[in-house]
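**Student:** Whenever a hint applies, use it, and build me the whole structure from the sequences.
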Amino acid sequence: MLILTCPCCGVTAEETEFHGGGEAHIKRYGPGSSDDEFHGYLFEKVNPKGVHFERWRHANGCGKWFHAARCTVTLEVFGTYSAQTTEPPQDIKDKISAKRPGWSWREFA
Amino acid sequence: MSTRLANGGRLLNKAQPLEFTFNGKRLKGVEGDTLASALLANDQMLVGRSFKYHRPRGIVSSGSEEPNALVGLGEDARFEPNQRVTTTELFDGLTCASQNHWPSLEFDVGAINAKLSRFLPAGFYYKTFMFPRSFWKHVYEPIIRQSAGLGRAPRDRDQDSYEHFYAFFDVVVIGGGVAGLQAAKAAGEAGAKVLLMEQTPHWGGRAPVDGGTVDGQPVDKFVDEIVSKLETMENVTLRRRMMGAGVYDHGYVLGYERVKDHRPDSIGPRHRLWRIRAGQVVTATGAIERPICFSGNDVPGVMLASAVRDYAVDYGVSVGDRTVVVTNNDDAYRTAITLKNLGLEIPAIIDARAGGGGALAGEAIELGIRVENGKGIARVKGNKRVEAVEICVQAGEGAALETIKCDAVAMSGGWSPVVHLWSHCGGKLLWDDEKAMFRPDVDNAPTGAGGEGFVRCAGTAEGHLDLDDVLKSADAAGKAAAGATGHTPKRSKTPVGDNPREAGIEPVWLMPQGAGVKLRMKAWLDYQNDVKVSDVQLAAREGFESVEHAKRYTTLGMATDQGKLSNINGLAILSDALGQPIPQTGTTTFRPPYTPISLASIAGEARDETFQPLRKTPMHGWHAENGAYWEPVGAWRRPYCFPKPGESIEDAVQREVKATRDSLGLLDASTLGKIIVKGPDAGRFLDMLYTNMMSTLKPGRCRYGLMCNENGFLMDDGVVARLDEETFLCHTTTGGAESIHAHMEEWLQTEWWDWKVYTANVTEQFAQVAVVGPKARKVLEKLTDDDISAEALTFMGWTDVTFGAIRARVFRISFSGELSYEIAVPASQGRAFWDMVLQAGAEFGVTTYGTEALHIMRAEKGFIMIGDETDGTVIPQDLGLDWAISKKKTDFLGKRAQERRHMSDPTRWKLVGLETLDGATLPDGAYATAEGNNANGQRNVQGRVTSTYHSPTLGRGIAMGLVLNGPDRMGEVLEFPKVDGTVMRAKIVEPVFYDKDGEKQNV
Amino acid sequence: MSESVSALGGASHEGFVRAEDMGLRAMITLRGDLASAKLRKAVKGATGLDMPEQRRIAVADDRSVAWMSPDELLILGPYSEAGTLRETLEKGLAGEHALVADVSDARALLRVSGGTGVREVIAKLCPVDMAAEAFGPGQFRRTRMAQIPAAIWMPDEQSVQVICFRSVAEYAFNLLRNAAAPGSETGLFI
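As you go down the protein sequences, you meet chains A, B and C in turn.
The first sequence begins at 1 in full-length UniProt numbering and counts up by one.
The second sequence begins at 1 in full-length UniProt numbering and counts up by one.
The third sequence begins at 1 in full-length UniProt numbering and counts up by one.
I should point out that these hints are in silico values taken from the structure, not numbers from a laboratory.
One thing to keep in mind: the hints can contain errors.
Now the in silico label distances, taken between C-beta atoms and shown as ranges [to be verified]:
hint : chain 1 : residue 1 : chain 2 : residue 2 : range
1    : B       : G483      : C       : P155      : 37 to 43 Å
2    : B       : K644      : C       : K91       : 49 to 55 Å
3    : C       : K91       : A       : K45       : 46 to 52 Å
4    : B       : S546      : C       : Q54       : 19 to 25 Å
5    : B       : G516      : A       : G102      : 56 to 62 Å
6    : C       : A134      : B       : W753      : 28 to 34 Å
7    : B       : S739      : A       : K45       : 20 to 26 Å
8    : B       : G486      : C       : P137      : 23 to 29 Å
9    : C       : P137      : B       : G621      : 32 to 38 Å
10   : B       : R155      : C       : Q54       : 35 to 41 Å
11   : C       : T116      : A       : Q84       : 39 to 45 Å
12   : B       : G483      : C       : T116      : 26 to 32 Å
13   : C       : S36       : B       : E452      : 24 to 30 Å
Result set (DSS-like, lysine-lysine): computed pairs, CA atoms no more than 27 Å apart in a straight line [as the list claims (entries may be wrong)]:
hint : chain 1 : residue 1 : chain 2 : residue 2
14   : A       : K27       : B       : K756
15   : B       : K28       : B       : K384
16   : A       : K49       : B       : K428
17   : A       : K27       : B       : K888
18   : B       : K518      : B       : K490
19   : B       : K756      : C       : K41
20   : C       : K41       : B       : K987
21   : B       : K428      : A       : K45
22   : B       : K895      : A       : K27
23   : B       : K888      : A       : K99
24   : B       : K384      : A       : K27
25   : A       : K27       : B       : K887
26   : B       : K756      : C       : K91
27   : C       : K44       : B       : K756
Even for Gly, the Cβ is constructed at its ideal location relative to N, Cα and C.
**Tutor:** Encoded structure:
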């Protein structure tokens, strides 16, 4: 069972306090978007083996959403960060680079 | 025979005799006994029958690895099957019974299977019961179920209590032998917060039995001193009778504490499951001795050499008068020496190694014990008890050289470190050829949240068999674990252990090496599941080459002991059969728990009245007092109806509908979700959330709204009231309160975080009462001086009203088609308000109604219900709700999805009303059939029933359904087959059955 | 307001520590920019208390202010003052983007008290480190209590107060009562 640190309230807690919210940094496509764009937005998830970025909510806690960078193989958590961003912050990316040189995830590396 | 010795028994308090019962026989033991030692002291070697062949089986071990000696323990509300006698502490009045035999332990009919064992090889069931297919369900399965199974399930409700406990430590040390004690001390002295747990009631593990010295003192003394020292350390928690059940991701450890199994009549929980978060885990779990595979190695009286020694030293019990020791390593010599020194006979030590043993062998020879090197046991003679062994040359095929009379055999095939906890969470193993064991690959430890290893092994669990190595390894592990959690280990001296030097082990996977098929068919690997050497070899021949496949095909290691004794021998046999080295075969996966734990401990507090949270409205007590027939709605309990004494549920529902439509009904609507949405961008936000326009709603007014998810499917509906320019109150369905609030927060926090909107879920702040029916206004006017006339409070309006001392918000909305008010009052005054309306309504014959009457009334009006008309695949357009979908808005959640091709497909099933031709009520969920069959040979369908009721208002069955091209087919008759084969016919009609123009609600 | 009743009606139970209903309390949810000077002033004006730091609770006499999340406070006071508290806050926050909601009736307030054993009662139900070095008076923790969300804090070393939703007050009370059953002491935090 994972432990995660909520960047919003600072609590390090076990997984049962949190609720997973799937892949992070998905851009919303609304009316006016093409079928392909909309399909991609709704259904195309990367589900990688290795470095992954996810959304989590501190459901039994402060109630806030946040992002986590995590390895889906070893379950190592590289870091958690604000939900109010469209891409992983540089310090998180640097941390991952130090541990998983050459990593990439979607358009990020 | 096995008996209690006059001397010895270091764990016993002989001054305290205890009585217990086995299979109805009253027997005597003493304080400190395990059930196993007490049974042996009473010469009860035969304890059970095996699973498949019902062979007589005796106690094999002295610990948690025991495969054979399982009993049904206790009676009635305290009965539990499959309890290992070796880990059951004796208490006065203990009652137990052997399992898996009929009619008795001594004479068992099922033992005929053993005679047929030639015809019951591995995979027998799979091969035999395949055909004819129809026989499986009615013939084979019932017969197999009758004869299979171990023990019987308890019948009575468990009378004990259980609990969880969340605890956090820097270092958790599992295993309280000398290694665990030393590791805990090293970590504790560094300042780490340490938990040390030991599954038995005793500290010290095997070392006090095995002998040797630590810093020149006997091991016993060392153990006493280190325990005393640890007890004084405030940062160290010591816990006995607590097993490390599993090690999981990120340092999560389950500790299974058996709080009062040994004193069942005391108060408190029986088991406590510790849910521990550890910075570092040190497994000091020791090792388990392996049996040797020779013919007849399951005859009662054949035991692990270490167990024979334990019973003698710890419990003062001799397993036999004449014990033959058979071994491939030096450790078993300790058993021979111990027994000899106690005055018992050792007819011979059979050492499979041609070169014999080391210093301990010398000591045995000096004591006058006959040692036969390079020999093995060809077969054991005896049925329910060992009578003799035939010895042979280990390198040969089993020709008997000599028959030696004996009543016990102490065997040792070497030691396997307990690597389970290391492996649970991904720790890798190495095969050590020299020691013939799998041991932890310390460079490949399980990794935690930070990516670093968090499990270390100490002592024998790491593969060390020499006492001094054990202590050094434990000290290092404790210090390293403390260091890894930010503490600085002290430079203390490691205790020095001293033990005779041992000669190396020579692996013996089969005895004798060239044993023929007859011997191999009686050479057991897995005692509990009756798997023999020949079965594993057969599996290999039949192509089950993966160890995981061979395991499942033969059931090796699949019994309650999970192969603690059998796995290594089994995979060595498999490797040999496949002609490959052992590491290439590998091990099966080690899964938690280490030994079985009670299901009730896993449930913890979640049982009886705290099984689940049951949500209660402020009026719940009234409902209960007035005979509510409950319906679970999410975690809530809502009254389905209020049957009067002698009244049926159906009749009550019909009465409630009629009374409400005729005069006055009262519904507890408190469970409806209520969410405040406030801010300069609140209108804009709600326009995105609802399909219709909310920003244009005027303060003081209400509007019904639909909510879709991004897939375009309906997820919730409800009435939105605008409280002021910046504030809205959104009502959700009962089930939607939490999820819709979370949905709002998700969009605000993760997509539109720059929008100025705050939300608050105030669902439970208010008790909400629906006052419904032609007399609704009359009754309320009796209770207030405020103006709630038709002109002052129009349909879809709301206003603040004071009812006596109660301040309320009154919404004039209707889900029934009647004149109707929903009144929100503070929850703490909900019951008072409810009582007030009941009293005032008495003159109108006020009737409380439940969810079913609510459903019927809304269906009569053609109002949809989320979860009935919708199922996660239905869009508002399917339900004829196009009027609630804004054409003006450029965007709302679900808008883009509803533009997808499939969503605008004209052949999507659409909502209609359904009227049976004979007035009967359609079955819920029934399908309307169409011509022909589909690709699977099933009848084509063209619609289905989504809601169906008997309407007391119309005196007939009414239904709503989704039908292909439904709205264009008014008047057509559809066929709905029922499960009994008959067909109901129903006409397609408009979905509004009652008061189409809304005259009743608009008065 | 004499007709106002708490969900548990003052229930209590004596185990190795005491579990009891604390009755009705004013509870006001305040959502807003906690860094805003106006908001801090409004809170101070209504309660006399300074803004608590992250995951802490400020307590004085019969009022407290608890940090719920980066943009949410819970303000507690005597039940009869709920209306006044709400109005005072709303007045103080006029013109500021904020939400003030009375949730006094939406919650239940329970207490376990009577010894250091209160820590282990909570530790049986919540995945929170209840050791004194990890949690103590002044801290405020929202978490999971068995199967429901709850918030806990320690008014002093010998008691813990628990807030949960009103509808599950009975469940919460039963949890605390069972966890405090005599004979189930773990002795871990003594």
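**Student:** Decide, hint by hint, whether the structure agrees.
**Tutor:** Checked hints:
Between B:G483 and C:P155 the beta carbons are some 38 Å apart, a value that agrees with the proposed interval 37 to 43 Å. A C-beta distance of roughly 52 Å is found between B:K644 and C:K91, which places it inside the suggested range of 49 to 55 Å. A beta carbon spacing of about 48 Å between C:K91 and A:K45 agrees with the range 46 to 52 Å that was offered as a hint. With their beta carbons about 53 Å apart, B:S546 and C:Q54 fall outside the hinted range of 19 to 25 Å.
A hinted range of 56 to 62 Å for the beta carbons of B:G516 and A:G102 is consistent with their spacing of about 58 Å. For C:A134 and B:W753, the hinted distance range of 28 to 34 Å is satisfied, since their beta carbons lie about 32 Å from each other. For B:S739 and A:K45, the hinted distance range of 20 to 26 Å is satisfied, since their beta carbons lie about 21 Å from each other. In this structure, B:G486 and C:P137 meet the distance hint of 23 to 29 Å, their C-beta atoms being roughly 26 Å apart.
In this structure the supplied range 32 to 38 Å holds for C:P137 paired with B:G621, their Cβ-Cβ distance being about 36 Å. Evaluation of the 35 to 41 Å hint for B:R155 and C:Q54 yields a failure: the beta carbon distance comes to about 53 Å. Against the hinted window of 39 to 45 Å, the Cβ-Cβ separation of C:T116 and A:Q84 comes to about 41 Å, which satisfies the hint. Between B:G483 and C:T116 the beta carbon distance is about 31 Å. The supplied range of 26 to 32 Å therefore holds.
Distance hint for C:S36 and B:E452: a CB-CB separation of about 42 Å, inconsistent with the stated range 24 to 30 Å. Between A:K27 and B:K756, the direct Cα distance comes to roughly 21 Å. Compliance with the 27 Å bound is thereby established for this hinted pair. Taking the CA atoms of B:K28 and B:K384, the gap is about 22 Å. The hint holds against a cut of 27 Å. Taken as a hint, the A:K49 and B:K428 pair is honoured in the structure, with Cα atoms around 20 Å apart against an allowance of 27 Å.
This hinted pair checks out: A:K27 and B:K888 have alpha carbons roughly 24 Å apart, not beyond 27 Å. Annotation: proposed proximity of B:K518 to B:K490 is violated, straight-line Cα distance about 60 Å (limit 27 Å). Among the hinted pairs, B:K756 with C:K41 is consistent with the structure: their alpha-carbon atoms are about 21 Å apart, no more than 27 Å. A C-alpha spacing of about 67 Å is found between C:K41 and B:K987, which places the hinted pair above 27 Å, so the restraint is violated.
Among the hinted pairs, B:K428 with A:K45 is inconsistent with the structure: their alpha-carbon atoms are about 32 Å apart, more than 27 Å. The straight-line distance between the Cα atoms of B:K895 and A:K27 is roughly 16 Å, inside the 27 Å bound, and the hint therefore holds. A hinted pair counts as satisfied when its Cα atoms are at most 27 Å apart, and B:K888 with A:K99 does not qualify at roughly 51 Å. Our distance criterion of 27 Å between C-alpha atoms is broken by B:K384 and A:K27, whose separation comes to about 73 Å.
A hinted pair counts as satisfied when its Cα atoms are at most 27 Å apart, and A:K27 with B:K887 qualifies at roughly 25 Å. A distance of roughly 19 Å separates the Cα atoms of B:K756 and C:K91; the hinted pair therefore holds under the 27 Å criterion. Our distance criterion of 27 Å between C-alpha atoms is met by C:K44 and B:K756, whose separation comes to about 24 Å.
When held up to the earlier numbered hints, the structure conflicts with 4, 10, 13, 18, 20, 21, 23, 24 and fits the remainder.
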